[in-house]
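S.K.: Here the working numbering is used: the first residue of the sequence shown is -18, the next is one more, and so on.
No wet-lab data here; the hints were simulated from the structure.
Keep in mind that a hint or two might mislead.
Here are the simulated DSSO-like pairs of lysine-lysine, each with C-alpha atoms no more than 30 Å apart in a straight line [as the list claims (entries may be wrong)]:
| # | residue 1 | residue 2 |
| --- | --- | --- |
| 1 | K459 | K442 |
| 2 | K126 | K204 |
| 3 | K272 | K442 |
| 4 | K204 | K272 |
| 5 | K272 | K126 |
| 6 | K277 | K204 |
| 7 | K277 | K442 |
Pairwise CB distance ranges, derived in the manner of DEER restraints [as the list claims (entries may be wrong)]:
| # | residue 1 | residue 2 | range |
| --- | --- | --- | --- |
| 8 | K459 | L228 | 39 to 49 Å |
| 9 | V424 | A368 | 44 to 54 Å |
| 10 | T464 | T237 | 49 to 59 Å |
| 11 | V210 | L421 | 31 to 41 Å |
| 12 | L421 | I90 | 27 to 37 Å |
| 13 | D154 | L410 | 46 to 56 Å |
| 14 | D154 | Y425 | 43 to 53 Å |
All C-beta atoms in this analysis are idealised placements derived from N, C-alpha and C, irrespective of residue type, glycine included.
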Amino acid sequence: MADSRKILKGLFYTLGSGYVARFASVALTFLIRRELGTDPFDATVWAMVVFVLLANLSQFGLIHSLLHFQDDVDRFVRTDNPFVRTHFTISILIASAVFAISVAFAFLIDYENRSMGWTGTAILTLSGLYLLRSLSITPEALLRKDFEHRNLSLIHGLGTITALTGALWLAYDGYGAWSLIVGGWSTFSAFSAIYVVIFAVAVWSLRPVRIWPLQIDREWAGKIVAFGVWVWLSSQLQNFVWFYDKLVMPYFVSATDLSLYENTWWLMQIPSALITHIIMNYTVTVYAKVKNDREKLGVVYTRAATLIVRVSAPAALILVLNADPIVALMGPAWAGSAPIFIWLAPYAFLRPLIEDGFGLLWAVGRTRETAVVLTIQAGIALVSVPAGAYLIGVRGVAYAVGLIALTGGVGVCLCLRRQIDLELRRIFLAPAAALIGAGLVIVYLYPSVELARSATDLVAKTGLTTLVYMSILWIAEKRYLRTIWTEIREIMAADDADADPPQTPS
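Kindly produce the complete structure, drawing on both the sequences and the hints.
M.R.: Shown next, in the form of structure tokens:
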């Protein structure tokens, strides 16, 4: 089993390479949007949303199941592991079935006069790529089980940067909407052709798995399916909750309104992307390892949530206060995105914690509870999103998403209380004080920091916000932060003889 030193080093590698990839993703997506304008996005955003909902049908929690049963898996001889071969076979069957459904759906919605429209073409292409990506689920899960987060983070970073660079090059070269399929944009780059090829080849090279002949072990298949059914239901509901707004918006607003909303929705995910999306695969693995020890699980979650809140909350504040200079960097075509920032603020503040909370519940096998929370959220979404869109357009949709996020936050908190002792004071008190203090100071000082260039203005205001927030946070928590730093130094200073056990190759 990986020890504390390896776990901590894995976290550092995950954070380091993750931040490089995130910042590169944001910068390259800004350039892609500036080069293309809104027209290619008007044509592609809805197709991508439909594809994501279809692809999500394959999410049976196969990575979570391998992590959940890892103690049993390790008992087998890795060169002929019935669990691993069953796991891979199930992943092929599920991915193939979902691909067939996606093909049928593409023809159903966009095949007319013996030709396929752009929406159908995009769905078909993305679905084929996702089938290839799905074949690497088993080796990826094995890498996560062994805490190979350094390699996985490097692969993700390389794939993201290469894909978005390719998209930008194709955009400059006049390929329009096709550049968004080949290289993607923002978080959707993970579905692009370039990323999928890089990820699949790299993962299989690092962790080759014996897959032939294909095998279905009845006992393990039953356990995987029993575990995965509730994860699948939760995953469908979760994706429905976060994508339903963009699915129904074309029936109430224009395609350009949808593109502007999707642009702001992406930007307001940056608080999650800055920390939760980077460390979640790491934290879920740790949660699974300590799932039978309530005290340790509570300590790990408190540390993770403490980090998430202290990074994501100021990021959300910076986005809301700097909407105009941020949008100005993308060019005049995206100016309509600016007012949507404030409407999506509750979503930006709450989503990071909701996602990590679901990660803990899945890791400890409480999949039914997440399904209940998500069912309530989905029910609210079904009514509030179309009602909001019909009554007040994009603003109404954003308000509905905020209500959905608030419901999810309360539900996750109630579920977590049954698994761990929640230290809400430790998690929220200091950053809340820092946010309020920073907000008051910034509202007073911002008018005196108006600079001519939007980029310079954004950098200056972001720096001011960060400085004020960090100063207040340090005053409130310097003793706690020093304790954490001392613990980290003690772990990293451990003797190499006590560090990493030898790893047996698969």
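S.K.: Of the numbered hints stated previously, which ones are contradicted by the structure, given in increasing order?
M.R.: Per hint list: 3, 7, 9, 11, 12 violated.
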